[in-house]
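Colleague: I would like the entire structure built from these sequences, with the hints used as guidance.
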Amino acid sequence: MIIICEGVKDAAAYHSLGYYASGLNSDQLAQKFVPLFQDSHVVLMPDRTSDAEYKARTSAGRLASVAASVKIGTLPLPLDGNLGDDVRDALKQNEGEQLVRAAIENAKAWNEPVIDSGVRRITMQQAVTERLDEYQRGPIPRVELGIEKLDATLGGGVPYGSLVVVGALSSHGKTAFSLQITHHITGGQSLPVTFISLEMGVGELADRTLSYASDSPKEHWHKLLPRLDRDASEHFQGAAPCTLIEGVSELDDVKREITLAFDGGSKVVIIDYAQLIDAGSRDDTNAIMRRVSAEFKRLAKQHHGIIVCLAQLNRRVEERKPLVPRLTDIEYGSKLGHDADVVLFLVWPHRVDQSFPANEYQVFIEKNRNGRSKVGLNCHFNPPRQRITEEEFAHAPSGDY
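The sequence shown begins at 647 in my numbering and counts up one residue at a time.
The reader is advised that the hints may include incorrect statements.
Below 35 angstroms or equal to it, Euclidean Cα-Cα: the simulated DSBU-like pairs (lysine-lysine) are [stated by the list, open to error]: (1) LYS655 / LYS869; (2) LYS1020 / LYS947; (3) LYS901 / LYS655; (4) LYS967 / LYS981; (5) LYS901 / LYS678; (6) LYS795 / LYS1020.
Hints in this document: simulated from the structure, not taken from any laboratory.
Modeller: Put into structure tokens, the structure is as follows:
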């Protein structure tokens, strides 16, 4: 048996108890290290944090194809508590050694998530009865995106089981918009979110979150660290976790991360962005996007969660007057728009024509399966703060288009 843990100091602690241990990072084992554990009996012992335990399931999935067996243990510490999070902290407790040994002994076997085919047979009368029962319990649950006019037009937010596509040209605020709705969902509604980034690294996402949370000028951050720390603490206080995933690019890996996210309690999964996904085949890009679209649609329905998929638009849309995107403008991915339950397009007019005010921003509801569509909303964009707000511009009223 080999224990995989977080770092060489933890490995040394397990060695002191007589176990073989490797400090190769149990909470996100790099793919290149997986062959080292061929035919081994592996026990993953992640740190006792939500993020580490979530990522350990990804490591287990990678090891399952080569190891003789894979188990995941739980350290005898409170989850995300104030008593520490690693094995060395666990050993400091009364009877710590016995508790750690018991945690290893009771580690649970990891099993590949079972994919439900999604096939269901039901009579129309039964379906109507079930729907009436849902209405009897109250309004259909929805997740708000945090822009009041947008949520109102969507009927109160996005219902569970939905695929949402958010399209924009490069540098038109896709990531800013997606991070803002992330902060609203985790902070305003206390719902866990997983953010799968194929473009930006976690450092860049952290910087953008700091810009959102604090009005401290970025050029002075190095002088204002206590203030930044305070603002960040206030931002995350009481919020549900947002788990960031980077380092994936192939469709099968993205699908696995989505499944693990929903199984781990996330209500919303955001993917930034569709055209960067590699399907691992020789198909042309249009065929790959059709596969991406079909899989995301299936996973949202299967897990009764919400998938928000960002998508790049073709630059030809810049030539259109007025600049109102269409489903066919999604680069290589018009099928994404057709499969989606909600399609939003983002336009920052100043990026195309600098005669427009730099703070003017537009959100177009191109498609809304359960409510109004073809509606344009004019908002206010504050680039330094990465914030989109309700303020309108008098010369560009919101309305149908």
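Colleague: Next, verify each hint and record whether it holds.
Modeller: The hints, checked one at a time:
no.	hint	result
1	LYS655 / LYS869	holds, 33 angstroms
2	LYS1020 / LYS947	holds, 24 angstroms
3	LYS901 / LYS655	holds, 33 angstroms
4	LYS967 / LYS981	holds, 24 angstroms
5	LYS901 / LYS678	holds, 20 angstroms
6	LYS795 / LYS1020	holds, 14 angstroms
Of the numbered hints listed earlier, not one is contradicted by the structure.
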